[in-house]
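So the chains spell out like this:
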Amino acid sequence: AQKVTQAQTEISVVEKEDVTLDCVYETRDTTYYLFWYKQPPSGELVFLIRRNSFDEQNEISGRYSWNFQKSTSSFNFTITASQVVDSAVYFCALSEDSNYQLIWGAGTKLIIKP
Amino acid sequence: GAGVSQSPRYKVAKRGQDVALRCDPISGHVSLFWYQQALGQGPEFLTYFQNEAQLDKSGLPSDRFFAERPEGSVSTLKIQRTQQEDSAVYLCASSWPEGVNTGELFFGEGSRLTVL
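In order, the protein sequences belong to chains A and B. If you count the first sequence from 1, you need to add 1244 to reach the working numbering. If you count the second sequence from 1, you need to add 267 to reach the working numbering.
Note that these hints are calculated values from the structure, not bench results. The beta carbon of each residue, even a glycine, is placed where N, CA and C say it ideally should be. There may be inaccurate statements among the hints.
[What the hints assert, rightly or not] Keeping only pairs whose Cα atoms sit at most 20 Å apart, straight-line, the calculated SDA-like set for lysine to any residue is:
#1 LYS1353/A with THR1316/A
#2 LYS1282/A with ARG331/B
#3 LYS1282/A with SER272/B
#4 LYS324/B with ASP1341/A
#5 LYS1282/A with PHE373/B
#6 LYS324/B with GLN1246/A
#7 LYS1247/A with GLN308/B
#8 LYS1353/A with LEU306/B
#9 LYS1353/A with ARG348/B
#10 LYS1247/A with SER325/B
#11 LYS1353/A with ALA355/B
#12 LYS1282/A with SER325/B
#13 LYS324/B with GLU1340/A
#14 LYS324/B with VAL1328/A
#15 LYS324/B with ASN1343/A
#16 LYS278/B with SER1286/A
[Unchecked claim] Listed next, the stretches of chain B that the computed footprint assigns to chain A, with coverage defined by at least 3 CB atoms under 8 Å from CB atoms of chain A:
#17 302-315
#18 352-364
[Claimed, not checked] On the chain B side, residues computed to face chain A include the following (Cβ under 8 Å):
#19 LEU372
#20 GLY375
#21 GLU376
#22 GLY377
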């Protein structure tokens, strides 16, 4: 069965600190996709990244970086030099090959204090 | 419009009342999804449309839930005889056909339903 676990319910850091959001997944498929979405207070989910199971290369986009490790079934998300505008709930999600349904974690609420 | 639009943003219903939630997807997006998000949880899939065809309704929790997209654009999620456990945020998302496989969905701000 597929499952996504985000063990950190809430994280609070001071602005400019680095912060890592953890995501652990379970799937029996060899082909699958992992995602991160951001949900600001306004409510709409914003797509951040998609990674397929055959691409373990880490990705960096500005202050954001993602570390995908199949050996530990993890897809962690790091924000470098955090800013107040990064405050939001962040969701990790999984979909299996040819399955459009996303399986979501419970989310991590990130609070960046000025 | 520029993004996915949902209405109403907030709805308070008395138990047993019927409600209808509307979603206006991004123009040209053929794929449309409804998700239910309980407080403090991640979204859960309800149903999926490709144009006007409802291809998957496996996530609808009961036969009180019904969704339609008659002209392949606007969609309505209807909940009959609402119960307290129906209280949640109902999210609509749309995408281009390739977005179905890439997972790049464009979400609305949701409709928050509170059943008293």
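Going through the hints against the structure:
1. Under the criterion of a C-alpha separation no larger than 20 Å, the hint pairing LYS1353/A with THR1316/A is inconsistent with the structure, at around 23 Å.
2. Note on LYS1282/A and ARG331/B: the hinted pairing is violated, with a Cα-Cα distance of about 31 Å set against a maximum of 20 Å.
3. For the proposed pair LYS1282/A and SER272/B, the alpha carbon gap of about 18 Å is at most 20 Å, so the pair holds.
4. For the proposed pair LYS324/B and ASP1341/A, the alpha carbon gap of about 19 Å is at most 20 Å, so the pair holds.
5. Restraint check for LYS1282/A and PHE373/B: satisfied, since their Cα atoms lie roughly 12 Å apart, inside the 20 Å limit.
6. For the proposed pair LYS324/B and GLN1246/A, the alpha carbon gap of about 19 Å is at most 20 Å, so the pair holds.
7. The suggested pairing of LYS1247/A with GLN308/B holds, with an alpha-carbon distance near 13 Å, which does not exceed 20 Å.
8. At roughly 12 Å between alpha-carbon atoms, LYS1353/A and LEU306/B fall within 20 Å of each other, so this suggested pair holds.
9. The straight-line distance between the Cα atoms of LYS1353/A and ARG348/B is roughly 33 Å, outside the 20 Å bound, and the hint therefore fails.
10. Restraint check for LYS1247/A and SER325/B: the C-alpha separation of about 18 Å stays at or below 20 Å, so the hint holds.
11. Only pairs whose Cα atoms come within 20 Å are accepted, and LYS1353/A paired with ALA355/B is accepted, the gap being roughly 18 Å.
12. A threshold of 20 Å between alpha carbons decides the hint, and for LYS1282/A with SER325/B the separation of about 26 Å lies outside it, so the pair is violated.
13. Distance check on the hinted pair: LYS324/B and GLU1340/A sit about 18 Å apart at the alpha-carbon level, within 20 Å; holds.
14. Of the pairs offered as hints, the one joining LYS324/B and VAL1328/A is violated, with about 39 Å between alpha carbons and a cut-off of 20 Å exceeded.
15. Distance hint between LYS324/B and ASN1343/A is fulfilled; the C-alpha atoms sit about 14 Å from each other, no more than 20 Å.
16. Among the hinted pairs, LYS278/B with SER1286/A is consistent with the structure: their alpha-carbon atoms are about 16 Å apart, no more than 20 Å.
17. Coverage of a stretch by a chain is defined here by at least three residues with a beta carbon nearer than 8 Å to that chain's beta carbons; for the segment 302-315 of chain B and chain A the count is 7, and the condition holds.
18. Coverage of a stretch by a chain is defined here by at least three residues with a beta carbon nearer than 8 Å to that chain's beta carbons; for the segment 352-364 of chain B and chain A the count is 3, and the condition holds.
19. Here the hint on LEU372/B is kept, as its CB sits about 7 Å from the closest CB of chain A, short of 8 Å.
20. Because the beta carbon of GLY375/B sits about 6 Å from the nearest beta carbon in chain A, less than 8 Å, this interface hint is met.
21. For the restraint placing GLU376/B at the interface with chain A, the shortest Cβ-Cβ distance is roughly 4 Å, inside the 8 Å limit, so the hint holds.
22. For GLY377/B, the shortest C-beta to C-beta distance to chain A is roughly 5 Å, which falls under 8 Å, so the interface hint holds.
Against the hints set out earlier in the document, violations occur for numbers 1, 2, 9, 12 and 14.
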